[in-house]
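Novice: As a plain string of letters, each chain reads:
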Amino acid sequence: MLASLIIVFREVIEAGLIVGIVLAATQGVLGRSLWVAIGVGAGVLGACIVALFAEQISAQFEGSGQELFNATILLLAVGMLTWHNVWMAGHGRQMAREMRSLGAEVTAGQRTLTALAVVVGVAVLREGSEVVLFLYGIAAQGGLTAASVLAGGALGLAAGAAVSAAMYYGLLTIPAHWLFSVTGWLITLLAAGMASQAVLFLQNGGYLQFLMTPVWDTSWLLPEGGEGVLGIVGRMLHTLIGYSDQPDGLQLTAYLGTIVAINVLMRVVNRGKRVPAAVPSPAE
Amino acid sequence: MRNAVLIAACFALVAAPAFADNAIPVVLKDHKFAPATIHVKANVSNVIALANNDDTAEEFDSTALKVEKVVAGHSSGNVRLRPLAPGRYPFEGEYHSATAQGVVIAE
Chain A
1 MLASLIIVFR EVIEAGLIVG IVLAATQGVL GRSLWVAIGV GAGVLGACIV
51 ALFAEQISAQ FEGSGQELFN ATILLLAVGM LTWHNVWMAG HGRQMAREMR
101 SLGAEVTAGQ RTLTALAVVV GVAVLREGSE VVLFLYGIAA QGGLTAASVL
151 AGGALGLAAG AAVSAAMYYG LLTIPAHWLF SVTGWLITLL AAGMASQAVL
201 FLQNGGYLQF LMTPVWDTSW LLPEGGEGVL GIVGRMLHTL IGYSDQPDGL
251 QLTAYLGTIV AINVLMRVVN RGKRVPAAVP SPAE
Chain B
1 MRNAVLIAAC FALVAAPAFA DNAIPVVLKD HKFAPATIHV KANVSNVIAL
51 ANNDDTAEEF DSTALKVEKV VAGHSSGNVR LRPLAPGRYP FEGEYHSATA
101 QGVVIAE
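Residue numbers (my numbering), protein chains in the order written: chain A, 1 to 284; chain B, 1 to 107.
Among these hints, one or two may not hold up.
Claimed, not checked - Partial list, derived from the structure: chain A residues whose beta carbon lies under 10 Å from chain B: (1) Ala59; (2) Glu62; (3) Leu133; (4) Ile138; (5) Asn204; (6) Gly225.
Claimed, not checked - Under 8 Å between C-beta atoms, here's a sample of chain A residues computed to sit facing chain B: (7) Gln203; (8) Met212; (9) Gly226.
Derived by calculation from the structure, the hints in this document are not laboratory data.
Note that the structure is a prediction, hence the values are computed from the model and not measured.
Every residue gets a Cβ at the ideal spot worked out from N, C-alpha and C, and that includes glycine.
Bound conformation, chain A alone (with noise of 0.2 Å):
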């Protein structure tokens, strides 16, 4: 039952993290529940059918099926992170200041819920088929071991929602005017620690074979997995930040790279486009 719990737990907070700070960035959006109801939902149905045609996909390209999979579904979720964050460059303070003057929730930033409802359902997807594997196995098995091993699961499921939600919670605290550029940075940070998510599924796949030898290891002072306090600490810094105690060169590249290309791409595409605050801009 233990054992279930950690597993259920674990991979709940790693969608649900995500969640959270989707929740947070869109704080006061009108419509923003449904799209990310519709992301959870079609995430949990998504991971429905990876786990069924799960032999199916490992099995594409030559066995490496299941890590260009991963590596594709990561990078999509990656591009809809760089967008919602180059398009808030452009009207983050719009968003604010719409907030601030109706109290209530604003029109502004719609247009980019469909993209944060895609990255909800890759977060989704992507824990929830290990779940759906792991507990599938358990109840095929049956019996009183299942029964307890399900109550495991349904324990870890709510331990791990608190935790998300606890952390959005958290995250509304911060004042209006700081919210969006504290979730602007942590959804750069969740994007680069994706893409080296990426990276490293490539790599496992048997592409991009260079600069393989890992830059640090801190799996001493902080490791990146495991069943302890530190290791559930580091998973989660892993899922947000994309924390890794043994990162190779490419994926420290690939991590840097983000960031950079996503900063650049707020300030090239917004040039020019930024109201002043002192001046009143003409109704968009």
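Place chain B on chain A using the hints.
Specialist: Same frame as chain A, but now just chain B:
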């Protein structure tokens, strides 16, 4: 033009998966790895050909090896190991970690 060359170079890199010649066979049965201790050559790529003979799926999981790979029940999958410095690298079957434990020794 330079962009086109760059893009072509990227595709060339991505389109050429590297495969090791001889995979090391490992069998998973009753949620135990056999052999549970796997000796590999240090500093070169290695491949473990994992045959899952159980009814349920298993995830070959190792932070030390930087690998997460799901292998469905009664199916097999290749676990590619990056060039490893000499040392011990524990791994486990995440879904049945009470029994599914093993270690890769690079030397």
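Novice: Confirm or reject each hint.
Specialist: Each hint, compared with the structure:
The interface hint given for Ala59(A) is met, as the beta carbon of that residue sits about 8 Å from the closest beta carbon of chain B, less than 10 Å. Because the closest C-beta pair between Glu62(A) and chain B is about 7 Å apart, less than 10 Å, the hint holds. Given hint, Leu133(A) at the interface with chain B, holds; its Cβ is 4 Å from that chain's nearest Cβ, closer than 10 Å. About 8 Å separates the beta-carbon of Ile138(A) from the nearest beta-carbon of chain B, less than 10 Å, and the hint is met.
A least Cβ separation of about 5 Å between Asn204(A) and chain B falls short of the 10 Å threshold, and the interface hint therefore holds. A cut of 10 Å between beta carbons decides the hint on Gly225(A): the least distance to chain B is about 4 Å, and the hint holds. The beta carbon of Gln203(A) comes within 7 Å of a beta carbon in chain B, closer than 8 Å, and the hint placing it at the interface holds. Hint on Met212(A) holds. Least Cβ distance to chain B is approximately 5 Å, under the 8 Å limit.
The interface hint given for Gly226(A) holds, since its Cβ lies 7 Å from the closest Cβ of chain B, which is under the 8 Å cut-off.
The structure meets every hint from the earlier list without exception.
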